[in-house]
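J.: Listed in order, the protein sequences are those of chains A and B. Sequential numbering of the first sequence, starting at 65, is according to the numbering used here. Sequential numbering of the second sequence, starting at 7, is according to the numbering used here.
Please note: incorrect hints may appear among the correct ones.
[As the list claims (entries may be wrong)] SDA-like mimics (lysine to any residue), calculated; alpha carbons at most 20 Å apart, straight line:
{"id": "1", "chain 1": "B", "residue 1": "K109", "chain 2": "B", "residue 2": "V40"}
{"id": "2", "chain 1": "A", "residue 1": "K425", "chain 2": "B", "residue 2": "L90"}
{"id": "3", "chain 1": "A", "residue 1": "K490", "chain 2": "B", "residue 2": "K13"}
{"id": "4", "chain 1": "A", "residue 1": "K68", "chain 2": "B", "residue 2": "I26"}
{"id": "5", "chain 1": "A", "residue 1": "K116", "chain 2": "A", "residue 2": "M183"}
{"id": "6", "chain 1": "A", "residue 1": "K68", "chain 2": "B", "residue 2": "S328"}
{"id": "7", "chain 1": "A", "residue 1": "K425", "chain 2": "B", "residue 2": "K326"}
{"id": "8", "chain 1": "A", "residue 1": "K453", "chain 2": "B", "residue 2": "P320"}
{"id": "9", "chain 1": "B", "residue 1": "K335", "chain 2": "A", "residue 2": "D442"}
{"id": "10", "chain 1": "A", "residue 1": "K68", "chain 2": "B", "residue 2": "N22"}
{"id": "11", "chain 1": "B", "residue 1": "K13", "chain 2": "A", "residue 2": "S171"}
{"id": "12", "chain 1": "A", "residue 1": "K70", "chain 2": "B", "residue 2": "K13"}
{"id": "13", "chain 1": "A", "residue 1": "K159", "chain 2": "A", "residue 2": "V85"}
{"id": "14", "chain 1": "A", "residue 1": "K193", "chain 2": "A", "residue 2": "M183"}
{"id": "15", "chain 1": "A", "residue 1": "K383", "chain 2": "B", "residue 2": "S328"}
{"id": "16", "chain 1": "A", "residue 1": "K425", "chain 2": "B", "residue 2": "S87"}
{"id": "17", "chain 1": "B", "residue 1": "K329", "chain 2": "A", "residue 2": "N466"}
{"id": "18", "chain 1": "B", "residue 1": "K326", "chain 2": "A", "residue 2": "N455"}
{"id": "19", "chain 1": "A", "residue 1": "K388", "chain 2": "B", "residue 2": "S14"}
{"id": "20", "chain 1": "A", "residue 1": "K425", "chain 2": "B", "residue 2": "R24"}
{"id": "21", "chain 1": "B", "residue 1": "K329", "chain 2": "A", "residue 2": "K159"}
{"id": "22", "chain 1": "A", "residue 1": "K388", "chain 2": "B", "residue 2": "V11"}
{"id": "23", "chain 1": "B", "residue 1": "K13", "chain 2": "A", "residue 2": "N455"}
Derived from the structure by calculation, the hints contain no laboratory data. Predicted model, so just to flag it, every value in this text is computed and none were measured.
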Amino acid sequence: MISKAKRVSDYKQLTKQLPSVRYVDPEFVYLTLMNNRCTDYTLEVEEGDSVKVGEILGEKCGSFFETPVYSTVSGTVEGVVKKLDQNGLEVDCLKIRNNFKDETHESITDRPDAFIKAMSKEDIVDIVKEKALVGLGGAAFPSYIKLNTDEAIHTVVINAVECEPYLSSDYRLIMDQPEQIFKGLIYIMQTVSAPKGVIAVKKTKKALIEVLERECERYKDYDIKIAKVKDYYPQGWENATFKEAVGIKVPVGELPMKYGLLGFNVSTCASIYEAIKHNMPITKRYLTINGDAVNFPQDIRVRVGTSIRELIKLCDGYKEDINKLEVIIGGPMMGVALPSDDAIVTETTTSVLILKSTEYKEEPCVRCGSCVYSCPVDITPVSIMNAVKRNDKKSVELLEANKCIECGLCAYVCTSKIHVTDYVRKGKNLIG
Amino acid sequence: MMEIVQKSSPHLRRPNARVIRMMRDVAIALMPLVVFAIYSHGLSALWILLAAVGSMVVTEYVYYVIQDKINDGKFQLNNPSFSLYNYSVIVSGLIYGLILPDKIPIQVVIIGGVVGVLLAKLIFGGLGQNIFNIAGFARIFAALSFGAMLGYSNHVDADAGATVLGVLAQNPFSDGVLENYSLWTMFSGLGMPGSIGETSALLILVGGLYMFLRKSFDVYVPLVVMGTVAVLSAAVMLATDGVGWWFVGTQLFSGGLMFGAVYMATDPITIPVTRPGRIYFAFGVGLLTFVIRLFGTYPEGVVFAIVIMNMFVPAIDYAKWSKNTFSLKSGLIFGAVAVISVIGVVVGASYVG
Chain A
65 MISKAKRVSD
75 YKQLTKQLPS
85 VRYVDPEFVY
95 LTLMNNRCTD
105 YTLEVEEGDS
115 VKVGEILGEK
125 CGSFFETPVY
135 STVSGTVEGV
145 VKKLDQNGLE
155 VDCLKIRNNF
165 KDETHESITD
175 RPDAFIKAMS
185 KEDIVDIVKE
195 KALVGLGGAA
205 FPSYIKLNTD
215 EAIHTVVINA
225 VECEPYLSSD
235 YRLIMDQPEQ
245 IFKGLIYIMQ
255 TVSAPKGVIA
265 VKKTKKALIE
275 VLERECERYK
285 DYDIKIAKVK
295 DYYPQGWENA
305 TFKEAVGIKV
315 PVGELPMKYG
325 LLGFNVSTCA
335 SIYEAIKHNM
345 PITKRYLTIN
355 GDAVNFPQDI
365 RVRVGTSIRE
375 LIKLCDGYKE
385 DINKLEVIIG
395 GPMMGVALPS
405 DDAIVTETTT
415 SVLILKSTEY
425 KEEPCVRCGS
435 CVYSCPVDIT
445 PVSIMNAVKR
455 NDKKSVELLE
465 ANKCIECGLC
475 AYVCTSKIHV
485 TDYVRKGKNL
495 IG
Chain B
7 MMEIVQKSSP
17 HLRRPNARVI
27 RMMRDVAIAL
37 MPLVVFAIYS
47 HGLSALWILL
57 AAVGSMVVTE
67 YVYYVIQDKI
77 NDGKFQLNNP
87 SFSLYNYSVI
97 VSGLIYGLIL
107 PDKIPIQVVI
117 IGGVVGVLLA
127 KLIFGGLGQN
137 IFNIAGFARI
147 FAALSFGAML
157 GYSNHVDADA
167 GATVLGVLAQ
177 NPFSDGVLEN
187 YSLWTMFSGL
197 GMPGSIGETS
207 ALLILVGGLY
217 MFLRKSFDVY
227 VPLVVMGTVA
237 VLSAAVMLAT
247 DGVGWWFVGT
257 QLFSGGLMFG
267 AVYMATDPIT
277 IPVTRPGRIY
287 FAFGVGLLTF
297 VIRLFGTYPE
307 GVVFAIVIMN
317 MFVPAIDYAK
327 WSKNTFSLKS
337 GLIFGAVAVI
347 SVIGVVVGAS
357 YVG
């Protein structure tokens with residue numbers, strides 16, 4: 065097939081119409097004390113201490129900035145164990161036994177609306193920083209840095225596109241809590257004094273659009289629009305969303321703030337609402353468990369820190385006739401495969417996919433050009449692959465391999481089933 | 007026992023993206039032409055096609071048997087280098103056979119096929135590595151080495167009847183061709199002399215439509231090739247007295263233009279990888295074809311044009327300027343080249359008539 069891959073097979077129908085299951089009370093939660101930015105931590109609690117929801121347990125320390133660790137359940141601390149995080153890295157986690165009382169810490173208090181209205185930009189940025197909010201779409205970029213921008217922002221774009229196949233956690237979030245998203249958006253607009261707000265949704269998701277438009281009626285005082293974007297992959301990539309939803313083309317590698325745009329994932333938006341209104345850190349999130357190798361795919365509302373192994377059991381486990389499978393955190397196009405299922409849900413875990421592992425037989429490249437036609441950043445993956453094979457650093461540079469966003473389309477479309485994305489990644493490493 | 011394996015993303019692949027599907031589609035799209043060739047030329051066409059496909063398949067087979075022996079391996083039919091399983095060598099053979107004239111001796115077909123697949127494909131490293139269009143290379147080899155036995159020498163044409171382009175090569179602007187063959191004859195290919203598979207523009211378009219619907223080729227390439235020839239011939243027609251629209255029609259429907267544009271210039275292995283690159287390539291093919299037809303001693307130029315343009319592919323794909331999208335600069339340069347070509351051809355044509 066020599067053609068642009070506009071769509072990738074979707075598979076959302078497996079889960080998106082199912083109501084989300086609530087599984088907010090695991091016996092233990094495991095809270096990550098490290099991540100790829102922070103390699104060290106300090107603890108403020110000891111084994112045996114009893115903690116409450118929203119209590120600060122310690123701090124992740126890194127070269128960049130410190131982020132507090134909040135308890136997501138009430139219970140007792142049981143020490144530090146090693147688990148896998150969303151990047152497949154083995155990290156130290158604080159194990160907490162749940163006492164199922166769900167007591168909230170005294171710092172968790174609602175702010176009155178009038179009070180919030182009077183808050184300045186610095187106040188809100190401080191709360192967001194203190195509550196350790198990060199981009200929940202997967203990149204985990206600290207939200208307060210985005211909010212603290214000095215550029216004049218004219219439009220805040222909420223990205224509810226969710227273009228990866230299999231994923232429907234954002235879908236369920238909007239279906240269940242549209243109000244939070246609107247309020248979160250209004251808070252963000254207030255913070256950066258943006259006059260306009262846009263919520264970008266795929267136009268094929270009719271039910272979502274209906275829900276959002278009904279909600280939109282209630283916030284007529286604000287200039288909030290629902291942008292219906294085309295059902296392409298990778299439409300959820302920030303630059304593609306901006307282009308479709310507001311018609312501004314942000315060049316790859318430049319910050320959207322420079323163009324007066326600020327983008328947030330829809331779950332991030334909801335978490336900002338929680339933090340500002342209820343002074344609550346992220347304790348729960350929607351998670352999709354899906355894939356062709358799990359018995360009962362579904363969306364689950366979980367406590368951050370829940371064991372993924374336990375959740376897979378909740379979904380009736382793996383299909384039995386399958387020998388080799390992959391456990392993937394994130395979508396099938398960009399997600400990370402885990403070495404084992406002994407992982408935990410972090411606040412940026414959007415989904416857990418359990419896919420049958422297929423061995424693809426690689427054939428010689430026939431230069432069909434599908435990867436070139438499909439590339440969303442308009443580079444030529446096949447030429448980069450050939451340059452990487454002959455270790456030609458100069459060509460890789462000239463071919464702008466550093467522009468690659470690793471969306472995975474080049475390998476997806478390849479007629480010869482070559483793992484082109486891997487070669488482009490190597491090319492990116494080659495030029496540093 | 008269940009096992010968790012770790013792979014890098016993406017974890018999904020496009021379900022029906024396969025080389026075999028693409029190549030099989032080309033083979034299927036060639037079938038109407040094969041049937042038509044046998045219908046209009048009888049058994050001799052069948053023998054030519056069998057010899058063309060057979061010589062290429064056997065050469066490749068023997069080559070890999072020897073190569074695997076040298077590498078201490080045992081040759082197996084599902085050897086990924088042996089491209090019989092994905093129809094690629096069959097497609098090359100079929101195309102090669104279809105662009106041969108019907109009176110060609112079988113041994114010439116075989117020699118051309120063997121040398122073509124060996125020199126144009128195998129020594130470069132097999133499937134995906136070849137620089138030249140295999141069928142085109144084999145055809146040119148046969149034509150240049152055994153010119154007296156095929157192609158457009160009087161020896162053959164006396165039997166086959168003068169081809170349209172043969173007449174046009176003597177006098178490019180004489181509408182005398184239309185007395186022998188109407189435009190409809192050229193379009194349908196019924197009763198047209200010429201290479202066994204090239205004559206029916208209609209069936210070629212049907213095959214092209216099939217490949218377009220199956221997305222098995224890049225439709226821009228044949229459109230630009232034919233568009234270039236149409237524009238150039240129209241420009242020449244307007245600039246020359248006494249030449250009517252029939253000139254554009256004959257240029258488009260006669261000879262191997264349609265066939266070359268649809269089946270040979272679209273061979274993805276030997277054309278650039280980017281869409282702008284493919285359009286420049288196709289423009290070059292159209293321009294060279296027209297120039298060879300009008301000014302060259304050979305009446306037919308498509309195969310030469312394609313093989314000549316194949317040589318420019320690495321230059322078009324060069325990392326420094328190969329871009330995935332059109333920019334204002336590349337558009338301006340391309341436009342300027344196109345305008346200069348049209349002017350050059352028109353000025354040149356005024357000396358030909």
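J.: Work down the list of hints and note, for each, if the structure agrees.
T.: Status of each hint after checking the structure:
1. Under the criterion of a C-alpha separation no larger than 20 Å, the hint pairing K109 (chain B) with V40 (chain B) is consistent with the structure, at around 16 Å.
2. A hinted pair counts as satisfied when its Cα atoms are at most 20 Å apart, and K425 (chain A) with L90 (chain B) qualifies at roughly 16 Å.
3. Between the alpha carbons of K490 (chain A) and K13 (chain B) the distance comes to roughly 15 Å, so the proposed pair stays at or under 20 Å and holds.
4. Restraint check: the Cα-Cα separation between K68 (chain A) and I26 (chain B) comes to about 19 Å, which is no more than 20 Å; the hinted pair holds.
5. Distance hint between K116 (chain A) and M183 (chain A) is unfulfilled; the C-alpha atoms sit about 27 Å from each other, more than 20 Å.
6. Restraint check for K68 (chain A) and S328 (chain B): satisfied, since their Cα atoms lie roughly 18 Å apart, inside the 20 Å limit.
7. For the hint linking K425 (chain A) to K326 (chain B), the alpha-carbon distance of about 32 Å lies beyond 20 Å, and the restraint is violated.
8. Between K453 (chain A) and P320 (chain B), the direct Cα distance comes to roughly 16 Å. Compliance with the 20 Å bound is thereby established for this hinted pair.
9. At most 20 Å may separate the alpha-carbon atoms for a hinted pair to count; K335 (chain B) and D442 (chain A) meet this at roughly 16 Å.
10. The suggested pairing of K68 (chain A) with N22 (chain B) holds, with an alpha-carbon distance near 13 Å, which does not exceed 20 Å.
11. With a C-alpha separation of about 43 Å, the suggested pair K13 (chain B) and S171 (chain A) falls outside the 20 Å cut-off, and the hint is violated.
12. For the hint linking K70 (chain A) to K13 (chain B), the alpha-carbon distance of about 24 Å lies beyond 20 Å, and the restraint is violated.
13. Taken as a hint, the K159 (chain A) and V85 (chain A) pair is broken in the structure, with Cα atoms around 24 Å apart against an allowance of 20 Å.
14. Distance hint between K193 (chain A) and M183 (chain A) is fulfilled; the C-alpha atoms sit about 15 Å from each other, no more than 20 Å.
15. As the CA atoms of K383 (chain A) and S328 (chain B) are separated by approximately 47 Å, the hinted pair breaks the 20 Å bound.
16. A hinted pair counts as satisfied when its Cα atoms are at most 20 Å apart, and K425 (chain A) with S87 (chain B) qualifies at roughly 13 Å.
17. Straight-line distance between C-alpha atoms of K329 (chain B) and N466 (chain A) comes to about 15 Å, which keeps the hinted pair within the 20 Å bound.
18. Distance hint between K326 (chain B) and N455 (chain A) is fulfilled; the C-alpha atoms sit about 16 Å from each other, no more than 20 Å.
19. Taking the CA atoms of K388 (chain A) and S14 (chain B), the gap is about 15 Å. The hint holds against a cut of 20 Å.
20. Distance hint between K425 (chain A) and R24 (chain B) is fulfilled; the C-alpha atoms sit about 10 Å from each other, no more than 20 Å.
21. The suggested pairing of K329 (chain B) with K159 (chain A) is violated, with an alpha-carbon distance near 53 Å, which exceeds 20 Å.
22. A threshold of 20 Å between alpha carbons decides the hint, and for K388 (chain A) with V11 (chain B) the separation of about 7 Å falls inside it, so the pair holds.
23. A threshold of 20 Å between alpha carbons decides the hint, and for K13 (chain B) with N455 (chain A) the separation of about 23 Å lies outside it, so the pair is violated.
Consistency note: the structure conflicts with the earlier hints numbered 5, 7, 11, 12, 13, 15, 21, 23.
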